[in-house]
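Chemist: Could you build all of it, start to finish, from the sequences and the hints given here?
For the record, the sequence lines run as chains A and B.
Taking this note's numbering, I'd label the letters of the first sequence as residues 463 to 795.
Taking this note's numbering, I'd label the letters of the second sequence as residues 262 to 624.
Hints in this document: simulated from the structure, not taken from any laboratory.
Don't take each hint at face value.
[Unchecked claim] Example chain A residues on the side facing chain B (calculated, C-beta under 7 Å, incomplete):
| hint | residue |
| --- | --- |
| 1 | Gly510 |
| 2 | Ser511 |
| 3 | Tyr665 |
| 4 | Ala680 |
From a predicted model like this one, the values you see are computed outputs, not experimental measurements.
Glycine residues also receive a C-beta, built at the ideal position from the N, C-alpha and C atoms.
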Amino acid sequence: MTKSRTLRIALALATAAVLAGCSASATPVPTKKVYTFKDMTVGFIQTGSESGWRAANTSSFNETAKSDNITLKFTDSQNKIENQITAFNTYIADPAVNVIVLAAVDVTGYNDVLTAAKTAGKVVVIEDRRIDAPSNLYYTYIGSDFDKEGNEGAAAMCTALGSGGKNVVEIGGDQGASAAIDRAKGFREGDTACGINILDSQYAAAWDPTVGKSIMEAYLKKYTGKINGVFAHNDELAIAAIQAIDASGLKAGKDVQVVGFDATADGFKYLISGEMSADIECNPLLAPQVFQAALDGLNGVTGQPTWVPSQEGQFFASQGADALKAILATRKY
Amino acid sequence: MRNSFARIWGQLTESMLFLPTAVLLIILIFDFFFIPGFFSNLRLQDGHLYGSLIDILVHGSPTMILAMGMTLVIATGGVDLSVGAVIAISSSVAAIMINPTIVGMNLTDPRLFINNPQYTWMPLWLVFVVPLIIATLCGLWNGMLVSYWRIQPMVATLVLMIAGRGIAQLITNAIQIIIFNDTFAFVGNGYILFPFALYVAVAVFIGAWLLTWRTSIGLFVQSVGINYRSSFYSGINERRVKLFAYSFCGFCAGIAGLIIASNIRTSDANQIGMYTELDAILSVVIGGTLLGAGGRFSLMGSAIGALVLQATLTSMLSFGVPASAITAVKAVVVVAVILLYAEQTQSFLRGIGKVSVRQEAAR
Chain A
463 MTKSRTLRIA
473 LALATAAVLA
483 GCSASATPVP
493 TKKVYTFKDM
503 TVGFIQTGSE
513 SGWRAANTSS
523 FNETAKSDNI
533 TLKFTDSQNK
543 IENQITAFNT
553 YIADPAVNVI
563 VLAAVDVTGY
573 NDVLTAAKTA
583 GKVVVIEDRR
593 IDAPSNLYYT
603 YIGSDFDKEG
613 NEGAAAMCTA
623 LGSGGKNVVE
633 IGGDQGASAA
643 IDRAKGFREG
653 DTACGINILD
663 SQYAAAWDPT
673 VGKSIMEAYL
683 KKYTGKINGV
693 FAHNDELAIA
703 AIQAIDASGL
713 KAGKDVQVVG
723 FDATADGFKY
733 LISGEMSADI
743 ECNPLLAPQV
753 FQAALDGLNG
763 VTGQPTWVPS
773 QEGQFFASQG
783 ADALKAILAT
793 RKY
Chain B
262 MRNSFARIWG
272 QLTESMLFLP
282 TAVLLIILIF
292 DFFFIPGFFS
302 NLRLQDGHLY
312 GSLIDILVHG
322 SPTMILAMGM
332 TLVIATGGVD
342 LSVGAVIAIS
352 SSVAAIMINP
362 TIVGMNLTDP
372 RLFINNPQYT
382 WMPLWLVFVV
392 PLIIATLCGL
402 WNGMLVSYWR
412 IQPMVATLVL
422 MIAGRGIAQL
432 ITNAIQIIIF
442 NDTFAFVGNG
452 YILFPFALYV
462 AVAVFIGAWL
472 LTWRTSIGLF
482 VQSVGINYRS
492 SFYSGINERR
502 VKLFAYSFCG
512 FCAGIAGLII
522 ASNIRTSDAN
532 QIGMYTELDA
542 ILSVVIGGTL
552 LGAGGRFSLM
562 GSAIGALVLQ
572 ATLTSMLSFG
582 VPASAITAVK
592 AVVVVAVILL
602 YAEQTQSFLR
612 GIGKVSVRQE
622 AAR
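Modeler: Okay, structure coming up:
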């Protein structure tokens, strides 16, 4: 008796709903759920916290999630791909998580988990680091054009070297990271403009500045008096190189031109003192773009480009200390 | 006179310092022949020495300091895996005391860091003392676990090895902190003819040597390492000896942390001191102190062992081996050294002396 009454009420309600739906618009049932930021639970797999850039990137996600009421679950994978795979599987198994954001440690190695995430119906957005995986396995990639940054680095190096010698040594980031691979590639494409001669090139595993400094010390002895410029893949490595240059009795910014990447506040300090000649920006505040893309993904928006590059600038010591200090005051990282 | 070679050779090979010194010499001879300018690039630069050999001393100093503490711990029959994590803690504490803006602390003028190279939030002497106290407490904790709770040293120190890096990341919000203070940076970067870090290492060595051999602590450590039960029955407070050894090891790790952070002007809770526990243990092993057995130890041997490791690293970088492949080269050196210590090699070395005796006798 009660059962049939409940059924009748339910039926009536359903009919009403369908009728209401029909009268409001011509689209037939079932109506699709429209996701908002409130319904999003994001599993964010960060590389680690290896640099000031990374710190700004992480806090961008934390702050944006807070202001948009997005539930954010965070994994610091300590720059190890195996930790990222584990985190991926955890988020795939977690029914609350509907979006997974990945900042990849390595360029390859994610195909299996990406396939699993796709099967589980999770929206995957790759941020910051490019990966080599079929583009149908993830929704989109939002990050910097490291290749272009490398190109700009070469141009900045040319400007800094001026009419002097063109011998440059390179201190790369982690050998497996797209930021390091593509900056090196872009640098080599751009170096022909003024005939830069790359004397030597070494990679610092996990972007470790201790290794970076040792590499620079070895360069300074191997190529005594020959080095005109240092191409360092991030600000921390550039600062480590400057320490080594100072100890050798040379002056960074005068005898040796140092070009770095990221343009963090720490990097700015060395631009202002003139020890770093140029700093190519790499924008870490990617969270708003990433969350918007993820929302589009949940709502089934198609035709998303597979890569949305972020907006970035360049800064030079030649802009003068006062101008740089004014710029620094307006920056968030 | 006839047997003089045999006698000297015999004494040499009996000495604990023979093998580590020989290995160091072999590496330096390799450098002399295969790396142009490895020795000749030594010069006086702005009133201090500069060159590849000096690089070995600068970067070898923290490992030497670590090895001092590790030697005592290993001599008591234990091992301390947590020194890398303690390095991360001490450097993080120091960095946060110089620049707390990173954890959201608002300073009156954040740009002081850029304009004033002497700026520090806390007085500088506290920046040095507090991390050392914390590091010593970390060591004390390890010592408590090992001596009072009787937990196996490897397991007991593993706790802090894993937790310590997490603690360091909590302290700094897992953010790399660049250290702008010039006085702090002097510890790892400065020179008074020789690198300042080397003076610190020598001071720690002399301190450890005096502490162990001018008091009876050295004897106690050996005795506890050989057999802690019989030490106990002969009236040695075996627990306190261990507590001392682990605390001293923590203290050494604290100093090493300050030097490393100062050297690269960065405190990086993630990477700093990574795998240094293994370097410290290796230095001690290369120095001739037996791992896992306890007893006889040589502080000088461990110091030379640390230099062997750093010489390998610096040589390989100068030789042009990719930085990422250096750990593999290090492994080869380690295997070679372990083989040198094998009983067979040892008796072969001693045999060389005996053969010469026989030859001379036959003549």
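Chemist: Next step is simple, just say for each hint if it's right about the structure.
Modeler: Going down the list of hints, with the structure as the test:
1. Gly510: Because about 6 Å separates Gly510/A from the closest Cβ in chain B, which is inside the 7 Å limit, the hint holds.
2. Ser511: Because about 4 Å separates Ser511/A from the closest Cβ in chain B, which is inside the 7 Å limit, the hint holds.
3. Tyr665: holds, 6 Å
4. Ala680: holds, 4 Å
Violated hints for the displayed structure: none, as all numbered hints are satisfied.
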